[in-house]
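J.: Required output: the full structure, derived from the provided sequences and hints.
Taken in order, these protein sequences are the chains called A and B. Note that the working numbering has the first sequence beginning at 28, numbered continuously upward. Note that the working numbering has the second sequence beginning at 10, numbered continuously upward.
What the hints contain is simulated information worked out from the structure, not anything from laboratory work. Quick caveat: nothing in here was measured; it's all calculated off a predicted structure. All the pointers check out, no bait thrown in.
Quick list of the computed label-pair ranges, beta carbon to beta carbon:
1) Gly-78(A) with Gly-27(B): 56 to 64 Å
2) Leu-233(B) with Val-65(A): 47 to 55 Å
3) Ser-139(B) with Lys-236(A): 32 to 40 Å
4) Ala-149(A) with Gly-183(B): 36 to 44 Å
5) Arg-154(A) with Phe-131(B): 26 to 34 Å
6) Thr-207(A) with Leu-233(B): 54 to 62 Å
7) Gly-221(A) with Ser-152(B): 25 to 33 Å
8) Asp-160(A) with Gln-51(B): 25 to 33 Å
9) Gly-231(B) with Val-153(A): 53 to 61 Å
10) Leu-51(A) with Asn-120(B): 51 to 59 Å
11) Gly-99(A) with Val-119(B): 55 to 63 Å
12) Gly-78(A) with Phe-131(B): 31 to 39 Å
13) Ser-115(B) with Trp-152(A): 35 to 43 Å
Straight line, CA to CA, 25 Å or less: simulated DMTMM-like cross-link-like pairs of lysine to aspartate or glutamate:
14) Lys-174(B) with Asp-246(A)
15) Lys-179(B) with Glu-187(A)
16) Lys-179(B) with Glu-167(A)
In this text, a Cβ means the ideal position worked out from N, Cα and C, and glycines have one as well.
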Amino acid sequence: MLKGDAELYRPKKKHVVLFGLIGLIGLAVMAGVVALGVFVVTAWFGLPVFGFSEGPDQPIAFPHTVHVNEVGLDCTFCHRTVTEEAPASIPAVGLCMTCHQAVGSGIEGVETLRDFAETGRALNWVRVHRVPDHVQFVHEAHIRAFSGSKKIVEALRDRETEIRLDEARRIDVDAAVGETIEVAGSQVCAICHGDVASMPKVKQVRPLKMADCVNCHRDNNAPTDCTTCHY
Amino acid sequence: MEGRQKWAMTVDVDRCIGCQACVIACQSENNIPISDEPLFNQRRAMEWIRIERYWEGEFPDVKARFIPIFCQHCDDAPCEPVCPVYATYHNSEGLNVQVYNRCIGSRLCVNNCPYQVRYFNFWEPEWPESLQNQLNPDVTVRSRGIMEKCTFCIQRIRRTGREAKRDGRKVEDGDRGLNPACVNACPTDTLVFGDVMDPDSRVSKLKEKEMSEDGRGYHLLGSLGTGPNVIYLKKVDEHASGPTHA
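T.: What follows is the structure, encoded as structure tokens:
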């Protein structure tokens, strides 16, 4: 070999391993950044595509399935103020105890509940649906607007007597344009909260971002003045 | 119901005794942070309604004059066109409203307001531990960096409107649920609030009577042509001098 000849660079084995490792870490970081980006962007515009889209764990695994489907309770039986006031309200332990004093012995959650009732503590339920502080949401007005005898239409003109097909489908999957449905107060909940009755663990099904609210208000001829919700 | 109301207030300066009950009522109703002396010295104190006090005459004939000043809800509000983000605008009920979540804190509106009734949150609001639970849930707690001002207690207007609809009745004039907190708190009936589109309301009767030729009504800084929805009624006082003479 002459002096000055081109020499093929042969990296040392140590360097190959090192560079490979750096590359892999780099790829992992990049994948992480992309995933974070996707999460942030989707969470910004609606519900995140992964993570936090399942409902939170509650202090007692309260099964709506049992209470609504099997026992046949109406939403308004526990969420008492929903047809009268702004908040839907979570029942106090005392209200649960009107039934659970007698029924449900031996079930883990019920025993915990009784323990709470005896010691006079309140259950710290984890909130699933939350709008920001600068949004004043009123359950009562929405239930009043959607309940009653409604004709199903494509595009709504009269809020009092008509309901859009989109909303009617959420209440009754077989709804079709032209039919008339009787919407009870507790059926209205499904429009925003989904079919809670068949959820073992309650989760949020609609984005409930401002776009979601405003689009629905526009479609239903509801006021879209800022001070309808923001004050 | 929307768009068929126009809210207005009359302030009878003759009745005001400067007791500051309205200031306190407003503070507790609208989650206004507590302003102490250093804040006043910095001109950063917040009171959506304030009582301005003037001394008139020489000792021993000194008279204290009080005038409550709050957002005038001007029809041609100078604060509105300068907002770069449309955070303050006129709604269909004649209210000059501030949308907190839109505000970016440019403070152009406060510079353009001739009445100095807009307040900027220079800090994150804080309340002592004992007052944490007294915050009004119907009113947004404004965070640092946004503008706020008197809303004519729009949360009360909304609530009574909704409850009236729910119970199938009409909102009555002078309903204590409808009246802003300052009006309810006023011991001398200085402030009268109501709907001027309703010809039978107390405020529209007062407006008609007092804004006529020989009435006592005037607009604050009326020459600016801002068209306030707040009408002040002059002091009836034989000792008063100048334009306050009735």
